[in-house]
Amino acid sequence: MQLALFLIFGGLAIAGAINLLLQKHPINSALSLVVVMMSLAVLYWSLGAEFLAAAQVIVYSGAIMVLFVFVIMLLNAGEEEHTHGSRAAYIAGFPGAAAIFCVLSFVFLTESKHLGSANLGGQLSQASNNIAEISSVLFTKLLLPFEVTSILILVAILGAVVLARKEQ
Amino acid sequence: MSAQVPIAYYLILAAILFSTGVAAFLIKRNIITIFMSIELMLNAVNLTFVAFAHMWHQVQGQIFVFFVMVVAAAEAAVGLAIIIAIFRSRQTLNVDQINLLKN
Numbered sequence: 013m014q015l016a017l018f019l020i021f022g023g024l025a026i027a028g029a030i031n032l033l034l035q036k037h038p039i040n041s042a043l044s045l046v047v048v049m050m051s052l053a054v055l056y057w058s059l060g061a062e063f064l065a066a067a068q069v070i071v072y073s074g075a076i077m078v079l080f081v082f083v084i085m086l087l088n089a090g091e092e093e094h095t096h097g098s099r100a101a102y103i104a105g106f107p108g109a110a111a112i113f114c115v116l117s118f119v120f121l122t123e124s125k126h127l128g129s130a131n132l133g134g135q136l137s138q139a140s141n142n143i144a145e146i147s148s149v150l151f152t153k154l155l156l157p158f159e160v161t162s163i164l165i166l167v168a169i170l171g172a173v174v175l176a177r178k179e180q
Numbered sequence: 004m005s006a007q008v009p010i011a012y013y014l015i016l017a018a019i020l021f022s023t024g025v026a027a028f029l030i031k032r033n034i035i036t037i038f039m040s041i042e043l044m045l046n047a048v049n050l051t052f053v054a055f056a057h058m059w060h061q062v063q064g065q066i067f068v069f070f071v072m073v074v075a076a077a078e079a080a081v082g083l084a085i086i087i088a089i090f091r092s093r094q095t096l097n098v099d100q101i102n103l104l105k106n
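Each protein sequence line maps, in turn, to chains A and B. 13 is the number of the first residue of the first sequence in the numbering used here; add one for each residue after it. 4 is the number of the first residue of the second sequence in the numbering used here; add one for each residue after it.
Calculated directly from the structure, the hints in this document are not laboratory data. Warning: the hint list may mix true and false statements.
[Said to hold, decoys possible] Taking lysine to any residue pairs in the SDA-like style, the calculated list, with each CA pair at most 20 angstroms apart, reads:
#	chain 1	residue 1	chain 2	residue 2
1	B	Lys-105	B	Arg-32
2	A	Lys-178	B	Arg-91
3	A	Lys-36	A	Met-85
4	A	Lys-153	B	Trp-59
5	A	Lys-125	A	Leu-15
6	A	Lys-36	B	Asp-99
7	A	Lys-178	B	Phe-90
8	A	Lys-125	B	Ala-6
9	A	Lys-153	A	Ile-163
[Unchecked claim] According to the in silico footprint, chain A covers these stretches of chain B (three or more CB under 8 angstroms from chain A):
#	stretch
10	30-37
11	44-56
12	61-74
13	77-87
[Stated by the list, open to error] For each label pair, taking beta carbons as the anchor points, the in silico distance ranges come out as:
#	chain 1	residue 1	chain 2	residue 2	range
14	B	Arg-93	A	Leu-15	44 to 54 angstroms
15	A	His-37	B	Ala-88	16 to 26 angstroms
16	A	Phe-82	B	Ile-101	15 to 25 angstroms
Yeah, the Cβ is synthetic: ideal placement off N, Cα and C, and Gly gets one too.
Please put together the full structure from these sequences, using the hints given.
Here it is in C-alpha cells:
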C-alpha cells in the first residue's frame, strides 16, 4: 500500500514538475504545479502527517496557486519568448541542476542504511493522533513563534496592499 | 501486510523535485514561472521535513513545515504584489528586459 502510493503519487509529482519545466505558457506551469502539490499532499498523508496534508491542499493548492492563476490572468501573461539570455540560462541551468541532484542523491544513498523505512500511517512517540500532538506542541512550547507568524502575515498583507496599489 | 518504503526514496524524490525547481528557476524567462519554481523548491524541502519527522517519530518536523507554509503564503502575497508593480511600470514579464540596475 505504502509502496503503491509512493510510486503512483511520486511519479505524478515528478511528471508535474517536469511539465512545469517544459511548458511555455505560465498557466500550464501553474496547473502542473497544482498537480505536484496535490500528490505531495497524498505523500504527506501516507507519512502520517494528516494535518499537513489538509493544510497543503487548503493553503498551497487552494490559496497560493489560486493567487498565482489570478495574477497570470490579471497580467494577461502570454508565452515566454526566447532571448539571448535564455541560451546562457540553458547552458548554466541543466548542468547546475544535475550537479545539485547528484550531490543530494549521493548523500542520501550513502546514508540510506541509517535512515530506515516508512510504514503507512503515523507513528508518533506518545500521541493519540497527529493534530492533537501538533497543537499541543504548537500552543505550548512554540507559542511565541506562532504568534510572531501572525504578525508576519499582517505585515505581508499590508505590504501587498501598499505595493499593488495604484499610484496617484 | 504493506510493503515498506525506505526513507531514502522520499529524500531522492525530494531531490528530484528540488533540482527540477532549480533548473526551472534558471531556465525560465517569465517572472511568474520563476516565482512558481521557488514554490516547487519549498515543497521539495517540506517533503524532506515530513520524511524525517516520520523517521524520528517526532512532530517537530511537521511543525517546521507548518511555519514554512505560513512564510510561503506571506512571500507569495508580497512577491505577486511586486510582480504587479513591475508589470505596471515596465509592461513586461520577461526578466531579460527588467534590467534597470544594469545601465
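Outcome of the hint check:
For a cut-off of 20 angstroms, the pair hint linking B/Lys-105 to B/Arg-32 stands: about 17 angstroms separates their Cα positions. For the proposed pair A/Lys-178 and B/Arg-91, the alpha carbon gap of about 9 angstroms is at most 20 angstroms, so the pair holds. A hinted pair counts as satisfied when its Cα atoms are at most 20 angstroms apart, and A/Lys-36 with A/Met-85 qualifies at roughly 15 angstroms. Taking the CA atoms of A/Lys-153 and B/Trp-59, the gap is about 19 angstroms. The hint holds against a cut of 20 angstroms.
This hinted pair checks out: A/Lys-125 and A/Leu-15 have alpha carbons roughly 18 angstroms apart, not beyond 20 angstroms. Restraint check for A/Lys-36 and B/Asp-99: satisfied, since their Cα atoms lie roughly 16 angstroms apart, inside the 20 angstroms limit. Of the pairs offered as hints, the one joining A/Lys-178 and B/Phe-90 holds, with about 12 angstroms between alpha carbons and a cut-off of 20 angstroms not exceeded. A distance of roughly 17 angstroms separates the Cα atoms of A/Lys-125 and B/Ala-6; the hinted pair therefore holds under the 20 angstroms criterion.
Annotation: proposed proximity of A/Lys-153 to A/Ile-163 holds, straight-line Cα distance about 18 angstroms (limit 20 angstroms). With 6 residues carrying a beta carbon less than 8 angstroms from a beta carbon of chain A, the stretch 30-37 of chain B meets the three-residue requirement, and the given coverage holds. Counting residues of the stretch 44-56 of chain B whose beta carbon lies closer than 8 angstroms to any beta carbon of chain A gives 6, which reaches the threshold of three, so the coverage claim holds. Coverage of the stretch 61-74 of chain B by chain A holds. Counting CB-CB distances below 8 angstroms, 11 residues qualify, and the rule asks for three or more.
Only when three residues or more bring their CB closer than 8 angstroms to a CB of chain A does the claim for the stretch 77-87 of chain B stand; here the count is 10, and the claim holds. Between B/Arg-93 and A/Leu-15, the C-beta spacing of about 50 angstroms keeps the proposed range 44 to 54 angstroms intact. At about 23 angstroms, the beta-carbon gap between A/His-37 and B/Ala-88 stays in the expected band of 16 to 26 angstroms. For A/Phe-82 and B/Ile-101, the hinted distance range of 15 to 25 angstroms is satisfied, since their beta carbons lie about 21 angstroms from each other.
The structure agrees with every numbered hint stated previously.
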